[in-house]
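K.L.:
The lines below spell out each chain.
Protein chains: 2
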Amino acid sequence: MRHEELADVYCSVGRTWSTVGERWTMMILRECFRGERQYEHFQRKLGIGRNVLTDRLHKLTEEGILERRQYQSRPDRYEYRLTQKGEDLYPVMLALMQWGDQYKNPTPPVRLVHKACGHDPLPTTSCAYCGEPFGRRDLTAEFQPDAW
Amino acid sequence: MRHEELADVYCSVGRTWSTVGERWTMMILRECFRGERQYEHFQRKLGIGRNVLTDRLHKLTEEGILERRQYQSRPDRYEYRLTQKGEDLYPVMLALMQWGDQYKNPTPPVRLVHKACGHDPLPTTSCAYCGEPFGRRDLTAEFQPDAW
Chain A
2 MRHEELADVY CSVGRTWSTV GERWTMMILR ECFRGERQYE HFQRKLGIGR
52 NVLTDRLHKL TEEGILERRQ YQSRPDRYEY RLTQKGEDLY PVMLALMQWG
102 DQYKNPTPPV RLVHKACGHD PLPTTSCAYC GEPFGRRDLT AEFQPDAW
Chain B
2 MRHEELADVY CSVGRTWSTV GERWTMMILR ECFRGERQYE HFQRKLGIGR
52 NVLTDRLHKL TEEGILERRQ YQSRPDRYEY RLTQKGEDLY PVMLALMQWG
102 DQYKNPTPPV RLVHKACGHD PLPTTSCAYC GEPFGRRDLT AEFQPDAW
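Respectively, the protein sequence lines represent chains A and B.
Our numbering puts the first residue of the first sequence at 2, with every later residue one more than the last.
Our numbering puts the first residue of the second sequence at 2, with every later residue one more than the last.
Just so you know, these hints were derived from the structure itself, not from any lab.
Among the hints, erroneous ones may be present.
Chain copies aren't distinguished; within one or between two, either way the pair holds.
[Unchecked claim] Derived pair list, reagent style SDA-like, types lysine to any residue, alpha-carbon separation capped at 25 Å: (1) 46 x 11; (2) 60 x 48; (3) 60 x 25; (4) 116 x 138; (5) 105 x 142; (6) 46 x 141; (7) 60 x 71; (8) 60 x 23; (9) 105 x 72; (10) 60 x 5; (11) 116 x 85; (12) 60 x 49; (13) 86 x 105; (14) 86 x 69; (15) 46 x 10; (16) 116 x 58; (17) 116 x 148; (18) 105 x 120; (19) 86 x 71; (20) 86 x 24; (21) 105 x 145; (22) 105 x 143; (23) 46 x 149.
Chain A on its own, in the form it takes in the complex:
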């Protein structure tokens, strides 16, 4: 199977991974979540080839995760902004960050503060119905007959 073909499997992890599961994609989105919007910033910060960066931005734009907007004319300049669909990838980034804080950085590089209560939220996955935090073993999974 080719990576692109993941877009067609009947699996939500697979279809999402076909969109974000490549080198650099989440790193570009991380910059976007920090408020960065410009090609030159992405290129300088990540230090990656322009061909790779252009490819990733093109895919993210085509997917509706980023929107390419002109913000200046003469010369024309464009920026990349997160759409709502892009914003909704924030939990993915947060989960990546938490794992890295736990296993990769004795001193976390970023401290989050929950504005409402003033504390580090130590993001926890909870059940929307009963409110209890849960892990994998607290769940059962029911697959559709044709799930991949």
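Given chain A's structure and the hints, the job is docking chain B onto it.
P.N.:
Same frame as chain A, now just chain B:
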């Protein structure tokens, strides 16, 4: 910058992405989260080249996310099992799945049930301190001076 160099940036997203942010890595872990352990299963299910699969399994084992264990001798056979460090990537997979359920599959292929309450948990990210669900705009971020 090369992908491998992300392992050395002072950023938890970057360091995590250096480990899981390549084609197929999360798809292998998805199979592990479903209880699969064998090379031949991964290969058949994902339909990817043995060179790619071997490389990813080697990296995940070296990283301590999977453990390679002998389960049979004559002939010797090995399986790959999630360690606790691997289990702790479950929130990443859950976040990928949720986004896919929202944007990629009108009918979600898998329905999760929270055993404790019997309902779909619709996983929600909450503050461990005050218990309230939050999104990106409910947070401030304080960066260490040398954060990447």
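K.L.:
Decide, hint by hint, whether the structure agrees.
P.N.:
Verification of the supplied hints:
1. 46 x 11: Answer is between; shortest inter-copy Cα gap is 13 Å, intra-copy 36 Å.
2. 60 x 48: For residue 60 and residue 48, the Cα distance is within 25 Å both inside one copy (19 Å) and across copies (24 Å).
3. 60 x 25: Intra 12 Å, inter 18 Å, cutoff 25 Å: intra and inter.
4. 116 x 138: between (31 Å within a copy, 9 Å between copies)
5. 105 x 142: between (30 Å within a copy, 19 Å between copies)
6. 46 x 141: between (42 Å within a copy, 22 Å between copies)
7. 60 x 71: Result: close within a single copy only, 18 Å intra versus 41 Å inter.
8. 60 x 23: both (11 Å within a copy, 16 Å between copies)
9. 105 x 72: neither (38 Å within a copy, 30 Å between copies)
10. 60 x 5: Both: 11 Å inside a chain and 23 Å across chains, each within 25 Å.
11. 116 x 85: within (21 Å within a copy, 31 Å between copies)
12. 60 x 49: both (16 Å within a copy, 22 Å between copies)
13. 86 x 105: between (29 Å within a copy, 11 Å between copies)
14. 86 x 69: Only inside one copy: residue 86 and residue 69 sit 14 Å apart there, 38 Å across copies, limit 25 Å.
15. 46 x 10: between (34 Å within a copy, 11 Å between copies)
16. 116 x 58: neither (31 Å within a copy, 41 Å between copies)
17. 116 x 148: Intra 40 Å, inter 21 Å, cutoff 25 Å: inter-copy only.
18. 105 x 120: The answer is within: 22 Å in one copy meets 25 Å, while 34 Å across copies does not.
19. 86 x 71: within (20 Å within a copy, 44 Å between copies)
20. 86 x 24: both (20 Å within a copy, 22 Å between copies)
21. 105 x 145: Between copies only: 15 Å across chains, 37 Å inside a chain, cut-off 25 Å.
22. 105 x 143: Intra 34 Å, inter 18 Å, cutoff 25 Å: inter-copy only.
23. 46 x 149: between (38 Å within a copy, 9 Å between copies)
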